[in-house]
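Novice: Going down the list, the sequences are from chains A and B.
Anchor point for the first sequence: position 69 equals 69 in our numbering, and the numbering is continuous, going up by one each time.
Heads up: take any position in the second sequence, counting from 1, add 107, and you land on our numbering.
Hints listed in this document are in silico derivations from the structure and should not be mistaken for laboratory results.
Since we're looking at a predicted model, the values are computed, not measured.
Incorrect hints may have been included.
Stated by the list, open to error - As a list, the in silico SDA-like pairs of lysine to any residue whose alpha-carbon atoms are at most 20 Å apart:
(1) B/Lys194 with B/Pro148
(2) A/Lys50 with A/Arg3
(3) B/Lys172 with A/Ser95
(4) A/Lys50 with B/Arg207
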Amino acid sequence: DIRMTQSPSTLSASIGDRVTITCRASQNISTWLAWYQQKPGKAPSLLIFKASTLESGVPSRLSGSGSGTEFTLTISNLQPDDFATYYCQQYSTYSRTFGQGTKVEVK
Amino acid sequence: EVRLVESGGALVQPGGSLGLSCAASGFAFKTYAMTWVRQAPGKGLEWVSTISGSGISKYYADSLKGRITISRDNSKNTLSLHLNSLKADDTALYYCARVRMGVYDACDVWGQGTMVTVSS
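Kindly produce the complete structure, drawing on both the sequences and the hints.
Specialist: Below, the structure written as structure tokens:
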């Protein structure tokens, strides 16, 4: 299985900050990567697919980049709605593994 | 409105079996691959299984292979997951999700989940 490693596990930030979450794959996955947001008690929600394509309705202050084995999710001008847990997921192989998650919390 | 509603979660004894269902509405169900993802209490997301729109191709997490079966009934717009030989580690919220395009893609629509608890 391809292992996905996110860093950091927890990120403390303030409204208006720019934050970056990193996701590393244990082998080349091209750009077959998605990012999801999950809030407590809710189902995950798709933010970005194919590493950098924003899902419809997702604010443009979110962006994704990367290819191969290293990827980033950047949130510019952090808003109250952005405090949540974020997961990356690779879908390069039949076994579509998730990262362990990054919690963005209030500083 | 595009909607997925899971059901079938329950408290089950170790070694038992359980069938989960996911009712889809608001989209052409048979044209989409579907996925199950689970989340143990306080833990991250774990991919479980994916099935193609036709139901012909099925993919399972290695850790669960042999104990789970995914299926679908396109005439009833329903996705199913059967779990056997349940263990405490299978305790989780089980989500069904729609695969955005093809079989290998992100999941763009999620249900609210159904809870499976394995305990004596």
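Novice: Would you mind marking each hint as holding or not holding in the structure?
Specialist: Here's how the hints hold up against the structure:
Using a Cα cut-off of 20 Å, the hinted pair B/Lys194 and B/Pro148 holds, with the two alpha carbons roughly 15 Å apart. Taken as a hint, the A/Lys50 and A/Arg3 pair is honoured in the structure, with Cα atoms around 18 Å apart against an allowance of 20 Å. With a C-alpha separation of about 11 Å, the suggested pairing of B/Lys172 with A/Ser95 holds against the 20 Å cut-off. At roughly 11 Å between alpha-carbon atoms, A/Lys50 and B/Arg207 fall within 20 Å of each other, so this suggested pair holds.
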